[in-house]
Every structure is written in C-alpha cells, then in structure tokens.
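J.: Sequence:
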Amino acid sequence: MFATKIERKESQKVFRYDAISIARVICILGVVYVHAWTGLTGPELESAHGTAQESLRWFLMETFGRSAVPLLGLISGWLVAGSERTRHWQRHIARKARTILLPMVLWNMLALLLVCGSAWLFGLPAPTPQSARWVVEEIFILTRNPDVNVQMPFLRDLFLCMMIAPMLVRMPGWGLTVLILFAATCQVLGVGPPIMMRPAILMFFTLGIVARRCQAAERVAAWPLPVTLAPFILLMPLQFWLATQSDIARTSLWISLLDILVRLAAALFFWRISWELARRRAGDLLLKIEPFAFFLFCSHLILIWLGGPVLGAMFGKLGSPGYPVYLLTQPLLVLACVVVLGALMRRSTPGMALILSGGRLKP
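Numbered per our numbering, the sequence shown spans residues 1 to 363.
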C-alpha cells in the first residue's frame, strides 16, 4: 500500500510537469494569433472593426492568445516557488539573466537587423530606426513597449519578477495577497510603466506562488472539464459586447476589470485542458514541440514581419475570401518554420541555439 502511494505521487508529478510543458506550447501558439498578419494599416484595421473576418480574428486573438498568456506567468511563479535555487539570489538572477534577459536582448537585435533591414532594402512596411534612443529602447525595453518585437515586454517584466522572486517566496500569504491586489489595481488603472509594462504579469506570477502553496494545480486538475470551461464561456461574450461599445470612456474601466477576470478564467481552463492532454496520446506531440516553444515565442513576430506579406500575396489581406484559411493556419506555419530553423541551428551552431532558446534546445 505504501509503495502504491509513492507510485501514485510519482505518476502525478510526471503528469504535472507534462501538463506544464503542454500548457507552454498551447499558450505560445495562441500568442501567434495576437500578432497575426492582416495586411492592413491601423486605420484600415479600425475600419474593418465589426466585420466577420475581423470578429474571427478578435475571437482567436482573445481566446487563444491574450487569454492564454497569463497561464505562462502563473506557471513561472509556480515553478519558482518550488525551486530551492530561488532562495540563492545571485545564482538565481545569473541563471535567469542567461535564460530570459540575454535571449530577449539578442532576439530584439535580430529583429532590428532583419525587419528594419528589410524595410530599408526591400521596402517592407515596417518601422525603421528614428534615433539612437529608439534603437536602445527597442533592444532593452527600458521605458516603453517596442515597435518591432512587441511580444518581448512579457520577458522583460518576467525577468523583473524573477529579480524579486527570492523575496516573494519568503513573504507570508497576506503579503502576497496585498501584492496581487496592488498589481491588479495598477493593471485596471493603467499604471505601471516604465517600471512594469504590464502589471498583470506580476499579478499572475505572484498568483502562481500562492497556487504552489495551496496545491491548486492538482485541485484544479481534478475538476470536471465543464466546470473549468463555464466561467470562460460566460465571460467572453460579455467582454466582446463591452469591447464593441462606442462609449469606450465610460466602459474602459469595466473592460480592464473584466479583462482580468477573463484571464483568470482562461488560465483555469487551459491548465485543465493541458492536464487532460498530458494523460492522452495527443499530448505526446505537444511534448515533442515544447523544446521549441521559447524559440517560437521569441522569433514568431520576426517571421510574421518577413513572411506575412509573401503568403499574404497568395491568400490576400484581411477581408479577402482566402484570408480566413491563412489566419487559422498562421500558428502552424510559423511553428513549422521554427522547428526547421531550430533544428538546423542546433546542428550547425549549437551554442547559439542554446542561448536563443533560453537553454531549451540543447545540443
């Protein structure tokens, strides 16, 4: 009987870490929808608001993109709370600088070289350097969100969370609760930059630490699927209705508050789905993709900047008959490119592949 309990615990531990790997893949694939190529300028995209294709884009972007990302923050906090290395500040920060900060800087530099270089040489509709200050901001994300690699503030804020993690894991529960409420308030009020670009990342990171203490990962995994899906299904239509209201000034505060609730509901659901997939054969493929997930997160926008117009010439811009097919398949197309590039780099330049993948693509 004692042996059976040990085996059950070990089995649960395997499922848990497989679920974490699967959740990373699902969330990062969803991020591609947030930055999917449309072929339209800002004003043109605004004028397309409310059309069938733009509504489809909004649904994919909110459901699988922005709604899934908070789970990445929760997972990071959960992992930090269970690591003894977190308590040794110097070693912890050195490791996170190597696996988060350094890849962020290098990928931002690659984005400027490839995207801005293509804009200069081939007329790619993309931002070009305006000043030395602009270049520094794009690379290090000091005080504003970048114009080219717009997903990187997540890594920037995550690294800041990691810097204070040794303090957070020692804080009492009430202190973590106060910090969560403070970060949520900053997110709703739009306060945070230039310290935290997205205060919600700190909120979810801290929630992950609390979840570890409460053993919430296993508890949520035991819930029936319909129970975890229901809050997400109920809140998403309300969020869509608020977002389409013309009086944004009146509803913006409520949109921000509802946005947090939607993200929490989504994190619960995607975690439950990930745990379910970890028990099934469908999860095996996602586990094979997981080593490329960080590479995918960092590189996907560069690939969209460069490859979007090429395939867009074939399928058409948003509003064209063939665009929905292109929109739906963009995460898979980008993933295919990433797997090929990552595999080639791992063979030809294993050291660089290791750095750019945050230590995931080992030789």
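Hints were generated in silico from the structure; no laboratory data involved. All C-beta atoms, glycine included, are put in the ideal place defined by N, C-alpha and C. Careful: at least some of the hints might be erroneous.
Keeping only pairs whose Cα atoms sit at most 16 Å apart, straight-line, the calculated EDC-like set for lysine to aspartate or glutamate is [what the hints assert, rightly or not]:
| id | residue 1 | residue 2 |
| --- | --- | --- |
| 1 | 317 | 18 |
| 2 | 317 | 46 |
| 3 | 288 | 54 |
| 4 | 317 | 44 |
| 5 | 362 | 276 |
Restraint ranges, calculated between C-beta atoms of paired labels, are given here [unchecked claim]:
| id | residue 1 | residue 2 | range |
| --- | --- | --- | --- |
| 6 | 222 | 167 | 25 to 33 Å |
| 7 | 130 | 282 | 32 to 40 Å |
| 8 | 281 | 130 | 23 to 31 Å |
| 9 | 282 | 56 | 39 to 47 Å |
| 10 | 339 | 98 | 21 to 29 Å |
| 11 | 350 | 222 | 21 to 29 Å |
| 12 | 117 | 333 | 18 to 26 Å |
J.: Decide, hint by hint, whether the structure agrees.
T.: Going down the list of hints, with the structure as the test:
1. 317 <-> 18: It is violated: about 38 Å lies between the C-alpha atoms, which goes past 16 Å.
2. 317 <-> 46: holds (14 Å)
3. 288 <-> 54: Not OK: residue 288 and residue 54 at ~33 Å, beyond 16 Å, violated.
4. 317 <-> 44: holds (11 Å)
5. 362 <-> 276: Not OK: residue 362 and residue 276 at ~28 Å, beyond 16 Å, violated.
6. 222 <-> 167: 25 to 33 Å: At 32 Å between Cβs, range holds.
7. 130 <-> 282: 32 to 40 Å: violated (47 Å)
8. 281 <-> 130: 23 to 31 Å: violated (51 Å)
9. 282 <-> 56: 39 to 47 Å: Hint violated: Cβ distance 24 Å, outside 39 to 47 Å.
10. 339 <-> 98: 21 to 29 Å: holds (23 Å)
11. 350 <-> 222: 21 to 29 Å: This hint is violated: roughly 41 Å between Cβ atoms.
12. 117 <-> 333: 18 to 26 Å: For residue 117 and residue 333 the Cβ distance comes to about 22 Å; the hint holds.
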